[in-house]
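Since chain A is already given, all that's left is putting chain B on it; use the hints.
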Amino acid sequence: MENILSLLIWIPILGAIVVAFLPRDKDNLIRYTSAAVTGLQFVIAIVLWRKFDPSDGSMQFMERYEWIPSLNISYILGVDGLSLPMVLLTGMLFFIGVFVSWNIKKAVKGYFSLYLLLDAGVVGVFLSLDFFLFYIFWEVMLLPMYFLIGMWGGPQREYAAIKFFLYTLFGSVLMLIGILGLYFTCGKTFDILLIMERAPEALNGVLWWGMSAAKVIWVLVFIGFAIKVPVFPFHTWLPLAHVEAPTAISVLLAGILLKLGVYGIIRVNYGIMPNEVYWFAGGLAFLGLVNVIWGGLCALAQTDLKKLVAYSSINHMGYSLLGMAAVVAAGAMNGGDLKAAQAGLSGAVFQMFNHGTISAMLFILVGVVYERAHHRDIDGFGGLASQMPVYTGITALAFFAGLGLPGFSGFVSEAMCFIGAFPVFRTIVILSTIGILLNAAYFLWAFQRVFFGKLNEKYKDMEEINGLELFTVIPLAVITLFFGIYPGPYLDLIKATMDQIIEKVAFVATYAAL
Amino acid sequence: MTNLQSLEFFIPELILTITILAALITDLFVKKSKTNMIGWVLGVGLVVVGLSVHNLSSVPPTTLFLDMIVIDPFSSFMKIVIILSTLLVIVASWVNDELEKYRKGEYFTIMGIMVMGLFLMTSSVDIIMLYISIEVVSIMSFVLAAYLKLDTRSNEAGLKYVIYGAFSSGVMLFGLSIVYGLAGSTNYFAIQDTLSSLDGSANPALIMALLMIFAGFGYKISSVPFHFWTPDVYEGSPSTITAYLSVAPKAAGFAMIIRFFHQVFSDSIGLTSNAIGSTDLPWPEIIGVLAVVTMTMGNLVAIQQKSIKRMLAYSSIAHAGYMMLALPVLSMEAVESVMIYLFIYVFMNLGAFFIVIFVKNKTGGESFEDFEGLGWKMPIVGAFMTLFMLSLTGLPPTAGFVGKLYIFKTLVGAGSEFLWLVVAGGVNSVISLYYYFHVVKVMFLGGKRSDVITYPPSTMFGLMIFTAVPSLLLGLYWNPLASWVKDSLVFYTQVM
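Chains as they are written, first to last, in my numbering: chain A, 1 to 514; chain B, 1 to 496.
Okay, chain B solo, but in the shape it has when bound:
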């Protein structure tokens, strides 16, 4: 589709651009104490964007801007996930006391730009576009991570993030350039075409390209061994940004990986087909091992943490591992399970972070000691936190179980060569129970009991409800979600 024709299908992004500009301009006219208003501007804009994404989700899949990006139900789904998490984080930012010292205008504006990048990540089908979108997201994340400029740890987080980010995207760019060299095109479909007809002589180059590209992707979803930035960045960033980084870029990252592997190196048959299959390396096993190592490492290190925020950082590495379990299969069913997992993960993970934010507002800390006896002091918060921990562990009847069930189901159904992944995933859930319930333990079993009962303020309470209800209900009845995901399971593919 030509550029002009494309605009009509690019309305969500256009509205988003206008929103970002509006946010930027509004910021000029409001006092520092009123900068929450920029959040309103962005929030309302995002709701409109969400509606227009929804409107477009029924148009037949097509490419825009001369095969630069696609619009298909899969990307629409991911965009809605991103919008949902952004909205929740915007509301949380209003009540996050860490940010009180600063103007929030740029904060919200940058978040808006990041959404733009995330949108493009989910839908690009051109390696140039892919790279640009990743960079947009990364640079915005660097700034947001370092947003607490008076706090040295936040600065450290930003700086570390920059170094890791620059390095890994450089490596990825190198990988992409090899792909370009092999295929002579930047378009996914053209590359797929050329690569699948290569003879074995190009294998070394192809393997190198794959590894390098995976370094970039792995960095984005914080997979081992590209995860080292995660704990420090997550700990140093403002809690709202930590929450955001653990959800939205991860969703977009998975969307990008799935699309890339699906449409460049292989196809819906899995990681043994097409170009990736011709390299004669056991890719499903390699990715499987990475997934297992990722979640095991995340879980084992999470056990030793003293700060709940840092513990959640490692737990988010572990969750990336669970989702990666489905990648070796890469059937439509596997993609479906990742989508369901991501959607559920947004609620349970954000919920847990919101409680950390709330407790930090109250007690000024985020270590386990700050949570001691909390269950008696703030029964509602304690109950919600227990629910989120249950859900993150993946115990029924919470939503987290449904997510794991889908992943495990995919693996068992894919045949006995993937069974070891299920066993590894299962054992890991048991390990994760230990540290998730450490939180519950200090909240209810330990600490002095004091009967001065406090309840969260209404905004915080609303946020908790909004994350807790799906975390529970989707574990009992997820038919609507399942059918929505099923409908969204359509990729744009080139008609040969």
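Extracted from the complex, chain A is given alone in its bound form:
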């Protein structure tokens, strides 16, 4: 168990290779193998969680091997309170995703091989602590995603796939420039922890195009991550990709891939250039507001159920951005309010996890109805409640979780984001509460149109949600409810790491004030 983190990455890669060499007509064998691989990964993630020491905010289970010494590239892995929940979420959703994709019929082998490769890429990004490795995993995700959307997606899949690819690549190229900038200013190393240590001093006074290099790098890297989040105005790829992707891929896209953006901003922008956080926090909060309002309004206007859920992702990630911006409350000039900073940052990280479970649930449920009706037009249903009571019940639960009803985990994290951001960004927080209203409006309105009213005659024989589908949704619903009532375990898990980040941000402010 010494190289437990490597196992998490290499098991799916090996799985992908094994699946690629299985006979092409043995569809079930391929499915079971993939389930076994992701299941094993999930179990290892749980073992990791049990062994993890939550009281220690720094990196644990570190692995370090030389790789390309001439460029100071190493293979460095580590996990802390920020990445551990994400690894768990990845393990869980990829395991569930296999069952969601059980009814994929076309080129099953290719699908699951790419699926496992995607899995490896995602876990790799969360675990790697060397920028080169990080970047490789970041890009490794793109190719499987391109094929998964482009080959198994909806009618506009080709356009959606290449748009997703181009957008993300554009962001990652800018990120690469930022990374190279850090590489040179911080003594030619790709080691993230080393750069974290050196960057604040090394970047001090360095100019790029007559501007502070740190700010330029901050923005370059931020754009790379913002496209993934997605932050307005870089969000236009998302609704398209979501709608065209097969259900399982939408689940993963919303559940995990979007989190990579937030994770990256906290890990890289906050961890390496905390000083510039102050400079950009206002903008970040404002972008959060735009995300909340814009996403909400767009969701309200949708007639396609899946598109509605996609826009709700934009809306929800806005809260996360708002919470992240709240970190600056810790700065001396903002009154050194550590409590608010803690609430905001933990809220943002918690929101990321909650949105992962809730949106996964929503996409699975949309997939269930699409599977039966072959369309997702909100106005095309009506009265499904009488036909599919169980499905209605569980969808109601998911929608309530999505709109942030107290008792569900989404409420806790959204409230934390607001509480954290309130002292510093009062107006923005007040304005963004409109988002909650929109949030409730689009979910409830859609729910009403789909499930209430007179039963649409076309669907009077609609099948109830089946066991396999329930099996994929129920665990997520349980988690959502559990954390809604008792968020303690999650917050304890991340607390030490959050404190460390906040401390750093706070320290930089006092340092700058001197």
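Quick list of in silico lysine-lysine cross-link-like pairs, DSSO-like style, CA-CA up to 27 Å: (1) K34(B) to K360(B); (2) K160(B) to K360(B); (3) K34(B) to K362(B); (4) K377(B) to K105(A); (5) K306(B) to K163(A); (6) K26(A) to K377(B); (7) K339(A) to K495(A); (8) K109(A) to K163(A); (9) K149(B) to K306(B); (10) K163(A) to K106(A); (11) K188(A) to K486(B); (12) K307(A) to K460(A); (13) K377(B) to K109(A); (14) K31(B) to K362(B); (15) K163(A) to K105(A); (16) K306(B) to K377(B); (17) K106(A) to K377(B); (18) K101(B) to K360(B).
Facing chain A, from chain B, some residues (calculated, C-beta under 8 Å): (19) L390; (20) P396; (21) F408; (22) K409; (23) S416; (24) L419; (25) V422; (26) V423; (27) G426; (28) V430; (29) L433; (30) Y434; (31) F437; (32) K441; (33) F444; (34) N479.
It should be emphasised that the hints constitute simulated quantities derived from the structure, not laboratory data.
Ideal Cβ positions, reconstructed from N, Cα and C, are used throughout, including at glycine.
Frame of chain A, contents of chain B only:
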């Protein structure tokens, strides 16, 4: 070193000459259907040449034939790159159906002579030698481009190539003669010496000479605005020759440019030092703009192509642009990045061309339509092509990314005045993704799916493996390459 003493260090070229003669003579005795044998003769000869180049790479850098050419690790590296690409192209020529109608004896022999010219290009330090070597390469390329004599497009390619080639080498010759007029010598080091002590009065002549010489160089590496021949020649030539032209002469061309700028007009400090600096023109910016325009033009026009071969022609212009990005810096690090890029480019670009050849053998065409649904029909070929496209785009974990990483690294490290080049290069990679993945799209996403799965024949498969493995592995572990390049980063310089 005198002529007789030099011979001992000229063994690779001597062996090559013998090989060329052997190829020529063997051709007299074999039937038309057996002319692949000449390829064997040349191939075996080249392997021996490669070994002797390798043997000589450890001797201290020195000049041969009374300062005509040099032998140094840099030229050895380039020679090995050239030999590698030639060997791959020879093997591909065996299985290229386009050539079936013709005797291949002259084809292989001419290729051998071209290698000779390329060798001299990488190592000449005298402008006469430089000119002769360029001409040897050019004339052989003209013949090879027009080798399909029954095909009008091949003839057109050859003719266009001749006209452009003659014109640009004439312009370059004029430039070189001005340099001779200024310096009174044809030797690089003597010229460097004289030019660096010139006062400003000679500037107009110097600028003119520089521009004219760059026209010749730009033609060789197909840099904008001297690129117009490239698409037509690349499209019309036999595919194997297209593949060859996009790799080997480009490598030699870059070697020549680097050596020339390094040792005639400036030195390792970059394009602001010595003679080139005294002209008061912003040369780094000028070359930078040319590089950016080259890759942008290549990429934008590549998007609109319907033939994959022509698309690859424009993409090779774009790749010349990426490599040119490092020229404004011209530090040792910049040269290193160009060398790494070139080495990787050989594999990924040849690989892509080999697949085009293979598909043309099968379907008789090289347009996007001929690739439709190919990924399902020939899964192995589809997977390899995807890998090459990924690598040409420069996505990790493929080798193409490492090449770009080195170029970008050089530019970021050289200071913030070169940052705009990195941004331009990055944006261009994104643009290139669009058309490279258009290939992947038609292979996998479009077209009718048919499950009659075919696999490539063993020679073709071997070629694909041989290009695909480095295209992937060098992206994951390129330590050996990096250290080899580092060791080869030694130029012969005159001891003052």
